[in-house]
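Chain residues, written in single-letter form:
Number of protein chains: 2
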Amino acid sequence: MQRPPSLRVPTGLPTRVKVVEVGPRDGLQNERQYVPASIKVDLINRLGHSGLTAIESASFVSPKWVPQMADGHEVMQSIDRVPGTTYSALTPNMKGFESAMRAGADEVVIFGAASEAFSNRNINCSIAESIQRFEPVANAAKAAGMRLRASVSCALGCPYQGKVHTDAVRDVVARFADLGCDEIDIADTIGVGTPGRVQEVMDAAASAFGLDRLAGHFHDTYGQALANILASLEVGVSAFHSSVAGLGGCPYAAGATGNVATEDLLYLLHGLGIETGISLDAIVEAGGLISEALGRPNLSRVGSALLAKRANLCGSTD
Amino acid sequence: MQRPPSLRVPTGLPTRVKVVEVGPRDGLQNERQYVPASIKVDLINRLGHSGLTAIESASFVSPKWVPQMADGHEVMQSIDRVPGTTYSALTPNMKGFESAMRAGADEVVIFGAASEAFSNRNINCSIAESIQRFEPVANAAKAAGMRLRASVSCALGCPYQGKVHTDAVRDVVARFADLGCDEIDIADTIGVGTPGRVQEVMDAAASAFGLDRLAGHFHDTYGQALANILASLEVGVSAFHSSVAGLGGCPYAAGATGNVATEDLLYLLHGLGIETGISLDAIVEAGGLISEALGRPNLSRVGSALLAKRANLCGSTD
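From first to last, the protein sequence lines are chains A and B. All residue numbers for the first sequence refer to the numbering used here, where the first residue is 9 and numbers rise by one. All residue numbers for the second sequence refer to the numbering used here, where the first residue is 9 and numbers rise by one.
These are calculated hints, taken from the structure and not from any lab test. Hints are not guaranteed to be accurate.
The list cannot tell twin chains apart, which means a pair is met if one copy fits it or any two copies do.
Here are the computed lysine-lysine pairs in the DSBU-like style, where the Cα-Cα straight-line distance is at most 35 angstroms [unchecked claim]:
(1) Lys-72 - Lys-317
(2) Lys-317 - Lys-150
(3) Lys-26 - Lys-171
(4) Lys-317 - Lys-26
(5) Lys-171 - Lys-103
(6) Lys-171 - Lys-317
(7) Lys-26 - Lys-150
(8) Lys-150 - Lys-103
(9) Lys-72 - Lys-171
So here's chain A without its partners, still in its complex pose (with noise of 0.2 angstroms):
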């Protein structure tokens, strides 16, 4: 593989950068077609053994509402447990909660949007009561010893309200942060945020919280990620969410592409010469994988590039 010549860190970037793999969950959750429980374990086995070290991997919600995540216990009891890697749940309430639990999740998963608009049109309900409503879950999961995070959604725009202000953020933030959130993430939800705002943003967060325990979790709609990204790194982000081949998107986006894709989170960090501890050739595997089980476009451009030219040389002759 094309390796940079130097890999230095540019000063002020941090050295090493934990990934959330947010593919088995945020990504398949976005799939049309519903995805067999052993292509499901099948993935986060491959995704376990590449390295990473955080592995977004069921939802314990109504199967009403997600049937895609319907077997989650399953997928959960059935996977490779690799030492050190933490295995997350998103779980909306309580009953949610008790299932992640029962299923051995590692972490759980709360959520809440900074943007009022879209917390009452799509819960119908504030955005102080959804985030009070997780408080049962929190302190089940604090007494459990389990891992707790939190994500806040439309930090960088909202589908409806358009714009989000930075204080709607830190407040969200905050009351997260009271619940007694291990990690908080920052999603550009429909993928509209650039890199100033960006900026803006994650100080804001941080102000209320703590730059060491904040990810950044961006969509690549209008194809900023990994700006966006180079800009938290900038101002001292140290954990982002990607998804393997770019599994997902947004319903809620017209023209939506989804998560930023794992590979080019990795090309970008490790071309920076910030460590990981990913194999970037085995999240190249994995997600053309997945692609070919889902019968999808690999939406990594890395990925395509890589494995393009992995065929190339196998059918070239000199």
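Fit chain B to the given chain A structure using the hints.
What follows is chain B alone, placed relative to chain A:
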């Protein structure tokens, strides 16, 4: 269109950027199907009326090598010339230069690789020889009062030799500077660069020429183009090449997507509060039309997202 709340240009970034549109030449030259002159003329006219001040419009190379560009004279003579806009043409030799002059090009473009392996394999001579051969073209352009631009290919990596040293880039830039170039672009021909390395290469190039006359030409093969552009902005580069709808691609890179899309670049720049004088809407429109005319996917993420959104809005009842 969604606009970020803050449009204060982040400290240290240029407040205005020149965008050089290369779709009609670099883009179309790499499309497989023959594109009639009338479609080229319509595309260039739309681009000219969008506010773009620099459009690479034709290539005066042997029609045996590049049949797609055989109609350069007709195209250059048929387009509306928007006052203040520079219409440039690629000229590999004196014959090409004379054709470009007859056709009314405002600027001629010469080129050379920063990789000896690439130069030897593609034009069968050393880098130094390849640049020396352009001396008559450079002199003739100066004598005729035409602008002279040079393009340094493989500046971030080479498909044959892999690594390309910073010194090699600086050396090629210095040679082009000696020929009297008005502008020099640093091209990541195979799209392998990442931001840290890009900043090193831009710094080296600036030491041999002038930061204010340097441009960045990035390919999105590995999805890194916008991150590399952000990194270039941070070291003061204020001109970038891009291709409407992501037209074109490099035949040397497997699985290659080509030049960064103009729409995606403008979204980044405008989001940062950087002025370009260009209407994103007009470019999105032009990108949609040329993609349709060629029956190819629109490779701009911004173009695809905004066009899908428009289509949705038109079909929507609320």
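Hints and how they fare:
| no. | hint | result |
| --- | --- | --- |
| 1 | Lys-72 - Lys-317 | between (42 angstroms within a copy, 29 angstroms between copies) |
| 2 | Lys-317 - Lys-150 | neither (47 angstroms within a copy, 42 angstroms between copies) |
| 3 | Lys-26 - Lys-171 | both (29 angstroms within a copy, 28 angstroms between copies) |
| 4 | Lys-317 - Lys-26 | both (28 angstroms within a copy, 34 angstroms between copies) |
| 5 | Lys-171 - Lys-103 | within (34 angstroms within a copy, 55 angstroms between copies) |
| 6 | Lys-171 - Lys-317 | between (42 angstroms within a copy, 17 angstroms between copies) |
| 7 | Lys-26 - Lys-150 | within (22 angstroms within a copy, 54 angstroms between copies) |
| 8 | Lys-150 - Lys-103 | within (16 angstroms within a copy, 77 angstroms between copies) |
| 9 | Lys-72 - Lys-171 | within (32 angstroms within a copy, 54 angstroms between copies) |
Hint 2 from the earlier list is the only one contradicted by this structure; the remaining hints agree with it.
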